[in-house]
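Numbering (the working numbering), first residue to last: 1 to 149.
Errors might be hidden in some of the hints.
Label-pair distances were calculated between CB atoms; the ranges are [as the list claims (entries may be wrong)]:
#, residue 1, residue 2, range
1, Glu-131, Glu-26, 23 to 29 angstroms
2, Glu-131, Glu-75, 32 to 38 angstroms
3, Ile-136, Arg-85, 35 to 41 angstroms
4, Leu-14, Ile-87, 44 to 50 angstroms
5, Arg-67, Asp-33, 24 to 30 angstroms
6, Pro-148, Ile-115, 29 to 35 angstroms
7, Phe-17, Gly-94, 37 to 43 angstroms
8, Glu-8, Thr-134, 23 to 29 angstroms
9, Ala-116, Ile-136, 20 to 26 angstroms
Hints were generated in silico from the structure; no laboratory data involved. Computed from a predicted model, the values in this text were never measured in an experiment. For every residue, glycine included, the Cβ atom is placed at its ideal position computed from N, Cα and C.
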Amino acid sequence: MRKPESREPLNTALEPFLDTLALFDEARLGVWDADGLTVTQLRLLSLLAQNQGVGNSVLADGLGLTRPSVSALLERLQRGEFIRRDIDLADRRGITIWLEERGRDAISPHREEMIAAASRYLGVLDDHELESLTRILGKLSSAERSRPD
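With the hints as extra help, turn the sequences into a complete structure.
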């Protein structure tokens, strides 16, 4: 990965980048308030939607949290009927975690609201700018996902 030769271009890009991220706060807050979910609970539900039937450790690793912290989150989400926990049939000592209908409903508006907000924000860009942005965001996403823990 090529580093900028000077820190000035990076510093110049930081403010508009962070301002752009902040635009999504309004959409996120509406979703969180609707179901009384915390940011971490919403992240857990979103991760679980992509990884149904996993155990606590997979979620802990994916969220960068300790297993006891994830267990406490799961307890609250189960009480709210967002998830269910089943005994792992392959390993009776373990559990598998599944998204329930209420959990799916909770993250569904999140995605719709975020897509609507992003479409509004990106609508000011022309096709060439959108192609460049897509390439840049893909590069950022790939770099972060491939970064060692």
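Hints and how they fare:
1. Glu-131 x Glu-26: 23 to 29 angstroms: holds, 27 angstroms
2. Glu-131 x Glu-75: 32 to 38 angstroms: violated, 45 angstroms
3. Ile-136 x Arg-85: 35 to 41 angstroms: The hinted range 35 to 41 angstroms holds for Ile-136 and Arg-85, with Cβ atoms some 40 angstroms apart.
4. Leu-14 x Ile-87: 44 to 50 angstroms: holds, 48 angstroms
5. Arg-67 x Asp-33: 24 to 30 angstroms: For Asp-33 against Arg-67, whose Cβ atoms are near 29 angstroms apart, the range 24 to 30 angstroms holds.
6. Pro-148 x Ile-115: 29 to 35 angstroms: With Cβ atoms ~31 angstroms apart, the hint holds.
7. Phe-17 x Gly-94: 37 to 43 angstroms: Holds, since Phe-17 and Gly-94 (Cβ atoms, about 41 angstroms apart) stay within the stated range.
8. Glu-8 x Thr-134: 23 to 29 angstroms: Holds - the Cβ-Cβ distance for Glu-8 and Thr-134, about 25 angstroms, lies within 23 to 29 angstroms.
9. Ala-116 x Ile-136: 20 to 26 angstroms: Distance hint for Ala-116, Ile-136 holds at roughly 22 angstroms.
The structure is inconsistent with hint 2 alone, although it conforms to all the rest.
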